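Residue strings, one per chain:
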Amino acid sequence: MIFWMPSMVFWFLAFLLLGFAVGVVAFRNPVSSALSLVGVMLALAAMMIHAGAFFLGAVQALVYAGAVMTLFIFIVMLLNLKEETGAHIGWAALVGGVSAASAFAWIVYKSVSLMPPLWLARVVRGDAQALGKRLFTHYQLPFEITAILLLVAIVGVVMLSSRLTIHEENERKMEAGGCSSANGNKEGGTC
Amino acid sequence: MLITLQHYLVVSGLLFSVGLAGVIMRRNLIVVYMCLEMMLAAAALALAVFSRYNQNMDGQVLVFFVITVAAAEVAVGLAIIVSLFRLCRTVQTKDLTHLKF
Numbered sequence: 001m002i003f004w005m006p007s008m009v010f011w012f013l014a015f016l017l018l019g020f021a022v023g024v025v026a027f028r029n030p031v032s033s034a035l036s037l038v039g040v041m042l043a044l045a046a047m048m049i050h051a052g053a054f055f056l057g058a059v060q061a062l063v064y065a066g067a068v069m070t071l072f073i074f075i076v077m078l079l080n081l082k083e084e085t086g087a088h089i090g091w092a093a094l095v096g097g098v099s100a101a102s103a104f105a106w107i108v109y110k111s112v113s114l115m116p117p118l119w120l121a122r123v124v125r126g127d128a129q130a131l132g133k134r135l136f137t138h139y140q141l142p143f144e145i146t147a148i149l150l151l152v153a154i155v156g157v158v159m160l161s162s163r164l165t166i167h168e169e170n171e172r173k174m175e176a177g178g179c180s181s182a183n184g185n186k187e188g189g190t191c
Numbered sequence: 192m193l194i195t196l197q198h199y200l201v202v203s204g205l206l207f208s209v210g211l212a213g214v215i216m217r218r219n220l221i222v223v224y225m226c227l228e229m230m231l232a233a234a235a236l237a238l239a240v241f242s243r244y245n246q247n248m249d250g251q252v253l254v255f256f257v258i259t260v261a262a263a264e265v266a267v268g269l270a271i272i273v274s275l276f277r278l279c280r281t282v283q284t285k286d287l288t289h290l291k292f
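If you read the sequences in order, they're chains A and B.
Counting with our numbering, you get residues 1 to 191 for the letters of the first sequence.
Counting with our numbering, you get residues 192 to 292 for the letters of the second sequence.
Think of the hints as simulated: they come from the structure by calculation, not from any bench.
The model shown is predicted, which means the values in this text are computed figures rather than measured ones.
What the simulated footprint calls covered on chain B by chain A, stretch by stretch (three residues with Cβ under 8 Å from a Cβ of chain A suffice, anywhere in the stretch; the number is not a length):
no. : region
1   : 193-202
2   : 215-223
3   : 234-240
4   : 250-261
5   : 266-278
Okay, the calculated bits of chain A under chain B, using three or more residues with CB under 8 Å as the criterion:
no. : region
6   : 13-19
7   : 31-39
8   : 51-64
9   : 70-81
Partial selection, computed: residues in chain A whose CB lies under 7 Å from chain B:
no. : residue
10  : Phe10
11  : Val24
12  : Val25
13  : Met48
14  : Ala93
15  : Phe104
16  : Val112
17  : Leu118
18  : Ala130
19  : Leu131
20  : Tyr139
21  : Leu149
From the three backbone atoms N, C-alpha and C, an ideal C-beta is built for every residue, glycine too.
Please take these sequences and the hints and turn them into a complete structure.
Printed below as a string of structure tokens:
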């Protein structure tokens with residue numbers, strides 16, 4: 001009784017995870033895909049907790065299902081993406097994608113099935129204390145470098161989003177002077 | 192049946208391959224990016240379970256760094272997609288072929 005209960009939780013989480021993952025790929029509406037991805041990330045966080053990585057599960061739920069998915073849904077809303085009309089997946093893409101994915105899954109399955117059953121250890125160390133001790137002693141330097149990485153990302157995002165495009169500069173010029181609209185658009189139309 | 196390392200690896204591999212299929216099949220750039228995130232998260236799950244198997248915290252520390260880098264990467268990637276949309280007024284991959292000869 002005690003032995004099959006954790007495995008029931010595992011199978012439930014695995015089916016939830018893969019069902020939501022198929023939903024991300026299959027839904028036409030980008031908002032539905034994003035909400036499915038929230039489900040994937042929450043199921044993945046639950047699975048990490050089930051595997052004993054408690055702190056990582058919490059971080060996964062907070063960072064991915066919280067912050068990253070908010071960003072995704074915000075961008076989908078900002079770009080005003082509508083439900084895709086017509087075929088959203090082409091035939092060639094369907095064949096290529098399914099064959100590549102099944103080839104990869106087959107490789108994983110074959111390489112895994114050759115191993116003897118590798119039992120997971122009973123002792124579980126995945127709490128914030130154990131991870132923090134390791135992080136702040138042995139991995140101090142990478143941790144500090146991560147701070148620089150986040151700073152670089154912030155600066156990069158501000159740089160990317162503050163610059164005006166050629167279209168917007170032309171619009172500004174037309175609003176300001178109303179001249180040079182005829183030759184201004186010619187070099188601007190890169191797309 | 193007890194859950195072994197292999198069960199987690201198969202789930203992680205299946206999640207990765209679903210993400211791979213999405214990256215190849217979908218035409219919307221934002222959905223492609225979501226599938227990319229899914230592949231990254233699948234690899235993180237495998238690392239976390241290997242860490243449990245080896246009784247070693249290093250794998251979990253690595254997953255922690257992966258999550259941090261992924262958050263920064265999502266911010267930069269979405270900013271690139273937004274500026275691409277401002278320039279081209281589209282996020283469909285079939286319209287973005289300017290690097291093609």
